[in-house]
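Asks: Listed here are the chains, written in short residue letters.
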Amino acid sequence: MPQHLSYLKETTSQTAGPYVHIGLAPKAAGFEIYQKELGENIAGSKAEGEQIRVEGYIIDGTGTTLKDALIEVWQANAEGIYAHSEGGGEVEDGFRGWGRVITNFKTGKWGFNTIKPGSTLARNSGMQAPHINLWLVARGINIGLNTRIYFDDEVRANSIDPVLNLIEWENRRHTLMAKRSTDNDIPIYRFDIRLQGKDETVFFDV
Amino acid sequence: MKQDAEYYQRDPNIHPVACTPSYKSSITRSPRFSLISLENSISEITGPVFSHSDIDPGDNDLLTNFAQSNESPIGQRIILHGHVLDENSRTIPNTLIEIWQANACGRYRHKNDTYLAPIDPNFGGCGRALTDGDGYFYFRTVMPGAYPWQNYVNSWRPAHIHVSVFGASFVQRLITQCYFEGDPLIPICPIVQTIPNPNAIEQLTARLDLNATIPFDAIAYKFDIILRGRRSTLFENRF
Chain E
889 MPQHLSYLKE TTSQTAGPYV HIGLAPKAAG FEIYQKELGE NIAGSKAEGE QIRVEGYIID
949 GTGTTLKDAL IEVWQANAEG IYAHSEGGGE VEDGFRGWGR VITNFKTGKW GFNTIKPGST
1009 LARNSGMQAP HINLWLVARG INIGLNTRIY FDDEVRANSI DPVLNLIEWE NRRHTLMAKR
1069 STDNDIPIYR FDIRLQGKDE TVFFDV
Chain V
718 MKQDAEYYQR DPNIHPVACT PSYKSSITRS PRFSLISLEN SISEITGPVF SHSDIDPGDN
778 DLLTNFAQSN ESPIGQRIIL HGHVLDENSR TIPNTLIEIW QANACGRYRH KNDTYLAPID
838 PNFGGCGRAL TDGDGYFYFR TVMPGAYPWQ NYVNSWRPAH IHVSVFGASF VQRLITQCYF
898 EGDPLIPICP IVQTIPNPNA IEQLTARLDL NATIPFDAIA YKFDIILRGR RSTLFENRF
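These protein sequences, in sequence, are chains E and V. Residue numbering for the first sequence follows our numbering, beginning at 889 and increasing consecutively. Residue numbering for the second sequence follows our numbering, beginning at 718 and increasing consecutively.
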């Protein structure tokens, strides 16, 4: 009889369901219960760097936009530092790097304002191109989906990013590229998430 | 001295796969391509940090956090409590737990829920708490009712409370559902049955905890939450 390993097992994931908003973003869903809604302000008022907006849709396998999803955002500041004890240093007062956004109940559109993150350290050596980490939950999604937003104007950094280069299918890498437009007050990056079908977004097992 | 390194990978034998046809909503919302396996970098081992300034002390009491003064929601009063641990049995302090649920009739306070059972004017249905220094948390609430939903024509969810937990890094992020011991709807629920492993279902089933019950007040249920553990190494590690 071999020895027994005493590790516990991770609690299993279950779908966030159709009413995730009342738990995680009640105010955004028109339900006033808490004094403080979490995740409304990602960068704070003192963050250095370029102010940007990111927006898009989430599209299912039939081409229909999701109107009941929630996205969480996790990003570094403009210096590439995360607001965490292992994040690589200090960040500006009020910079959290974390936020929540829900898809609009009528249109399905989502969007958030933040500052553009800087390059972050890669494993072992080198740098990761600027990116925003996303975690997506909704009815019909059994376990939260992890993906990353990269920026299409960071051509050089993207070309040597170890995660983008890890994706064997080069023709799928563009699904992680947010497209910049500057027709507005602040630059808008458009990022649509396709759960399946043509141009299915790359999702990661992190 | 040992140093913290990568998180243990998720065990695919305990989590649902993306496409589980008996849970119909998953069919069009599940990626068809395999996930790209990513070794932890600084982007994965970090995650948001919360403190007591983010929440209010009464947020974990669903019996009072939406009730009018001197009133309380209808239903069986319960305490849901437990510890948040990692797979190495280390407690996780100061981590944010958020819950949401239907009222005692099985109705959610959500504009998209049209079930004919009534809204309870004294019940909001959500709460949140930080674990204490020992990783312990508790909520007071009412036992949620079974909830009818569109899957098969006649589908009822077992009584359940949705639970969201952060842990110390973005790779520990987890949303799950807490079920209650003895509920006959558990084994026939298409969402529960997305889970491939009976032990994993048991781990989602809160157990009656008579020792923690408050006489003539509230029945307690114990629900421990386990998040991914972390490797340690004797060698310098760079993410």
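These are computed hints drawn from the structure, not numbers from a lab. Treat the hints with caution; some may be incorrect.
What the hints assert, rightly or not - The list that follows gives simulated cross-link-like pairs (lysine to any residue, SDA-like), each with its CA atoms no further than 25 Å apart:
1. K897/E with G884/V
2. K897/E with Y853/V
3. K915/E with P774/V
4. K915/E with T781/V
5. K955/E with D851/V
6. K924/E with Q867/V
7. K939/V with Y895/E
8. K924/E with G850/V
9. K994/E with Q867/V
10. K994/E with G884/V
11. K897/E with I772/V
12. K897/E with S754/V
13. K924/E with I772/V
14. K939/V with D851/V
Unchecked claim - Facing chain E, a subset of chain V residues (Cβ under 7 Å, in silico):
15. I753
16. I759
17. S760
18. E804
19. L847
These numbers come from a predicted model, not from an experiment. Cβ coordinates follow ideal geometry from the N, Cα and C atoms, glycine included.
Asks: Quick check: which numbered hints come out false for this structure?
Replies: The structure breaks hints 5, 6, 10, 11, 19; every other hint is satisfied.
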